[in-house]
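There are 4 protein chains.
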Amino acid sequence: VAGDPRALIETVRRMYARGWAPGTGGNMSVVVPGPRLLITASGVDKRVATVDDLVVVGLDGVQVAGTGRPSAETAVHLELVRWGAKAVLHAHSVWNTLASLLAAGRGQLVLHGLEMLKGLAGVDTHEHREVVPVVANHQDTTVLARAVHRVIAEHPRCHGVLVAGHGLYTWGASLVEAERHVEIFEFLFEVLVRAKELPHGTVDLS
Amino acid sequence: VAGDPRALIETVRRMYARGWAPGTGGNMSVVVPGPRLLITASGVDKRVATVDDLVVVGLDGVQVAGTGRPSAETAVHLELVRWGAKAVLHAHSVWNTLASLLAAGRGQLVLHGLEMLKGLAGVDTHEHREVVPVVANHQDTTVLARAVHRVIAEHPRCHGVLVAGHGLYTWGASLVEAERHVEIFEFLFEVLVRAKELPHGTVDLS
Amino acid sequence: VAGDPRALIETVRRMYARGWAPGTGGNMSVVVPGPRLLITASGVDKRVATVDDLVVVGLDGVQVAGTGRPSAETAVHLELVRWGAKAVLHAHSVWNTLASLLAAGRGQLVLHGLEMLKGLAGVDTHEHREVVPVVANHQDTTVLARAVHRVIAEHPRCHGVLVAGHGLYTWGASLVEAERHVEIFEFLFEVLVRAKELPHGTVDLS
Amino acid sequence: VAGDPRALIETVRRMYARGWAPGTGGNMSVVVPGPRLLITASGVDKRVATVDDLVVVGLDGVQVAGTGRPSAETAVHLELVRWGAKAVLHAHSVWNTLASLLAAGRGQLVLHGLEMLKGLAGVDTHEHREVVPVVANHQDTTVLARAVHRVIAEHPRCHGVLVAGHGLYTWGASLVEAERHVEIFEFLFEVLVRAKELPHGTVDLS
Chain A
1 VAGDPRALIE
11 TVRRMYARGW
21 APGTGGNMSV
31 VVPGPRLLIT
41 ASGVDKRVAT
51 VDDLVVVGLD
61 GVQVAGTGRP
71 SAETAVHLEL
81 VRWGAKAVLH
91 AHSVWNTLAS
101 LLAAGRGQLV
111 LHGLEMLKGL
121 AGVDTHEHRE
131 VVPVVANHQD
141 TTVLARAVHR
151 VIAEHPRCHG
161 VLVAGHGLYT
171 WGASLVEAER
181 HVEIFEFLFE
191 VLVRAKELPH
201 GTVDLS
Chain B
1 VAGDPRALIE
11 TVRRMYARGW
21 APGTGGNMSV
31 VVPGPRLLIT
41 ASGVDKRVAT
51 VDDLVVVGLD
61 GVQVAGTGRP
71 SAETAVHLEL
81 VRWGAKAVLH
91 AHSVWNTLAS
101 LLAAGRGQLV
111 LHGLEMLKGL
121 AGVDTHEHRE
131 VVPVVANHQD
141 TTVLARAVHR
151 VIAEHPRCHG
161 VLVAGHGLYT
171 WGASLVEAER
181 HVEIFEFLFE
191 VLVRAKELPH
201 GTVDLS
Chain C
1 VAGDPRALIE
11 TVRRMYARGW
21 APGTGGNMSV
31 VVPGPRLLIT
41 ASGVDKRVAT
51 VDDLVVVGLD
61 GVQVAGTGRP
71 SAETAVHLEL
81 VRWGAKAVLH
91 AHSVWNTLAS
101 LLAAGRGQLV
111 LHGLEMLKGL
121 AGVDTHEHRE
131 VVPVVANHQD
141 TTVLARAVHR
151 VIAEHPRCHG
161 VLVAGHGLYT
171 WGASLVEAER
181 HVEIFEFLFE
191 VLVRAKELPH
201 GTVDLS
Chain D
1 VAGDPRALIE
11 TVRRMYARGW
21 APGTGGNMSV
31 VVPGPRLLIT
41 ASGVDKRVAT
51 VDDLVVVGLD
61 GVQVAGTGRP
71 SAETAVHLEL
81 VRWGAKAVLH
91 AHSVWNTLAS
101 LLAAGRGQLV
111 LHGLEMLKGL
121 AGVDTHEHRE
131 VVPVVANHQD
141 TTVLARAVHR
151 VIAEHPRCHG
161 VLVAGHGLYT
171 WGASLVEAER
181 HVEIFEFLFE
191 VLVRAKELPH
201 GTVDLS
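Chains as they are written, first to last, in our numbering: chain A, 1 to 206; chain B, 1 to 206; chain C, 1 to 206; chain D, 1 to 206.
So here's chain A without its partners, still in its complex pose:
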């Protein structure tokens, strides 16, 4: 398998260890020379994932290496790669699930006024307003990919997309940057949801 599959597996296992990919949930990919996409196979237990749990697909989605079946959500990864992502991470966590549910009705959430925003690529002030689009969940991942296409066309500078009741897609110019984006968003979502638990009017983040 081309590229550096071990680096991807280390990211996968860290994401499991931090509660960002329980069950067999979550899927992770990185663009490798070709260009092609190295991506976790479907139904893999992230706690014990190894390089044998990765597959390679062309940017057209056709599998070219690996014995597993590509993640069902490969279509969304490829959509994000088309917009320039070099690595895509899909995380399921308690905090991103709650954040997605909080914002589902409005179709987006806005993060503002927090220094941690500067961990997102290209953001250099806490005064930045980060719009995180929230799309409806759908079991047909081509529908999901089209929804992701629409919201990114509308918000081309966003760093992540939430799927309601489902999880976060984020990406980066490298695997390291994508993993940092997961960490940043998880922090921000936890702050956002906990702030909502405080008495009304105590803290207003958006």
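If you're looking for bench data, these hints aren't it; they were derived computationally from the structure. Beta carbons: idealized from backbone N, C-alpha and C, even for Gly. Watch out, some of these pointers could steer you wrong.
[Claimed, not checked] DSS-like, lysine-lysine: derived pairs with alpha carbons at most 30 Å apart:
#: 1; chain 1: D; residue 1: K196; chain 2: C; residue 2: K196
#: 2; chain 1: D; residue 1: K196; chain 2: A; residue 2: K196
#: 3; chain 1: C; residue 1: K196; chain 2: D; residue 2: K86
#: 4; chain 1: D; residue 1: K86; chain 2: A; residue 2: K118
#: 5; chain 1: D; residue 1: K118; chain 2: D; residue 2: K196
#: 6; chain 1: B; residue 1: K118; chain 2: B; residue 2: K86
#: 7; chain 1: D; residue 1: K196; chain 2: A; residue 2: K118
#: 8; chain 1: B; residue 1: K196; chain 2: B; residue 2: K118
#: 9; chain 1: D; residue 1: K118; chain 2: C; residue 2: K86
#: 10; chain 1: A; residue 1: K118; chain 2: A; residue 2: K196
#: 11; chain 1: B; residue 1: K196; chain 2: A; residue 2: K86
#: 12; chain 1: A; residue 1: K86; chain 2: A; residue 2: K118
#: 13; chain 1: A; residue 1: K196; chain 2: C; residue 2: K86
#: 14; chain 1: D; residue 1: K86; chain 2: D; residue 2: K118
#: 15; chain 1: D; residue 1: K196; chain 2: B; residue 2: K196
#: 16; chain 1: B; residue 1: K86; chain 2: C; residue 2: K196
#: 17; chain 1: C; residue 1: K86; chain 2: B; residue 2: K196
#: 18; chain 1: C; residue 1: K118; chain 2: C; residue 2: K86
#: 19; chain 1: C; residue 1: K196; chain 2: C; residue 2: K118
#: 20; chain 1: A; residue 1: K196; chain 2: B; residue 2: K86
#: 21; chain 1: B; residue 1: K118; chain 2: C; residue 2: K86
#: 22; chain 1: B; residue 1: K118; chain 2: A; residue 2: K196
[As the list claims (entries may be wrong)] Just a sample of chain D residues kept apart from chain C, beta carbon distances all over 12 Å, derived:
#: 23; residue: G61
#: 24; residue: H138
#: 25; residue: A195
Given the coordinates of chain A, work out where chains B, C and D should sit on it, guided by the hints.
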């Protein structure tokens, strides 16, 4: 001892490490050839459990191997095995205790609209409605086993049963599947309880 | 140093690792042959504690071994040993601090209806009502010891005492039992405080 | 590099591991012979930081060793060193962010009545009132340094300063003391914020 007792002990220790079996609480079993049930002995500290802390009982509940006393809740495990479970895990956690208390008055809780539901065997959409029956707690485990019998007869497709103020029973076609079900339910219960802490009407999960 | 100082140090380090003894807080002791009390020295960082951080005092409080100064709260430990404790653990945690503050006005909190209560020595049903006395905090530990004396005289079957805004004293017939009691109380306090965060009337634990 | 850079790196990694320095956030320093300041370089991933990620600056802010660029917040560290700090730690955590937001409107928060306060240098009673000034966030760190100067001039006995939506600066007479102060403040902020989540009037900490 027959079957693979080491795999069961690894599950037991992981459950302790994740806060799902504090004190000497929790009990775990797996069906082994015979068929018989390999189950944790009563009063074992799960942090330091070894294969010597396991016993074997026949499906009639009679102990056939091991020096400890079978878990007091063996009757519930055997009831679940009669319905087809190949492994049964009983977890005590803060989140499943709170979920059980929240739902005790209604006799069940319903999980709906969350992608993580797909981690339950046979569930293929977040639109699935998972009914989790909640039975009253009782120190006579034959009473508890009968209550479990009744709710499973009523909800034969459920994946877990809560005992109010006590914990979760879940199971699977294998030990791996049962452990995944614990992980899925713990995630779902945490989301459910945290959603209840948000301002009224913000998030409605059922 | 007599007894098994390594077992005490392992308990001390586990308590630190679980967030039950941050800063240089907390103090831990076990009765050793003599009888004498093996106890953590004052001001020890529990993360890196070794057997050199333990001292031995007679049951009259006079130091007989060890180079450190006995914990300032030795008087409370000795009071509890007089009531039969063979090991005493004083834990500071977020959850026991919050529980102590919640109950400070009433002078006690009552835990009831939770299976986890059975992890306390001699408790065999979730219907047990565990009264946890709460005493006011005081920097003069002889005053604290007298307060502990009074509440235990009143509640001789209790398994722990909270000091308001300060922490939990619990004990056992052995170090293992005392550590299990910490684990049980931490679980119960977390459930109790989180239940209070839920909408009024949703869950009533006492 | 002078001083003991390995001790600083161990502190940096522990802070990452405990969620106090996610992303590439946070910066940490210690005064070394000269006197000079050994400080983390800008943009370092704290999870994998090594001594090569440290630089040395004079107390006038001029870099004298190390290949990285000094942390953007060096000016604040140097301001605190001028007031006598021998080590300065800047932590970003969910709890200190929430505490800073809760108190931002009033310009300070007050911690009172908690035994854990005694973990702060020179505090010997829970009756101590610890004022934690909160300054507005600013991307110009010389502005931030001047704001820190003003609040410390006003509260010369404080042990930490919060930056709204950003994080905590704390310090000590040694690196060990500074790290203990982070641990103490993180505990206190978590208690403070969780107490606010409880029903109004249940717990009043200030």
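Satisfaction of hint between K196(D) and K118(D), Cα-Cα up to 30 Å:
holds (22 Å)
Q) Is the hinted pair K196(D) and K196(A) satisfied, with a Cα-Cα distance of at most 30 Å? A) Since the Cα atoms of K196(D) and K196(A) sit roughly 12 Å apart, the hinted pair holds (cutoff 30 Å).
**OP:** Decide if the proposed pair is consistent with the structure: K86(D) and K118(D), CA atoms, cutoff 30 Å inclusive.
**Re:** Holds - the C-alpha atoms of K118(D) and K86(D) are around 20 Å apart, at most 30 Å.
* **Pair hint outcome, K86(A) versus K118(A) [Cα-Cα no greater than 30 Å]** => Status holds; Cα separation ~20 Å.
Notebook entry, point to check: So is A195(D) really clear of chain C, every C-beta pair being over 12 Å apart?
Noted result: violated (6 Å)
Just to be careful, I want the Cα atoms of K118(A) and K196(A) compared with a cutoff of 30 Å; is the pair within it? holds (22 Å)
- Query: Given the hinted pair K118(B) and K86(C), is their alpha-carbon gap at most 30 Å?
  - Reply: Cα-Cα ~49 Å, so violated.
Distance restraint between K118(C) and K86(C), which requires alpha-carbon spacing of 30 Å or less
The hint holds at about 20 Å.
- Keeping to a limit of 30 Å between CA atoms, is the pair of K196(A) and K86(B) held or broken? violated (42 Å)
#### Entry: Pair hint K196(B) and K86(A), alpha-carbon separation not exceeding 30 Å
violated (38 Å)
For the pair we were handed, K196(C) and K86(D), check the Cα-Cα distance against 30 Å. violated (42 Å)
Open item on the list: K86(C) and K196(B) were given as a pair; does the straight-line alpha-carbon distance stay at or below 30 Å?
Closed with: violated (42 Å)
Of the numbered hints stated above, those contradicted by the structure are hints 3, 11, 13, 16, 17, 20, 21, 25, listed in ascending order.
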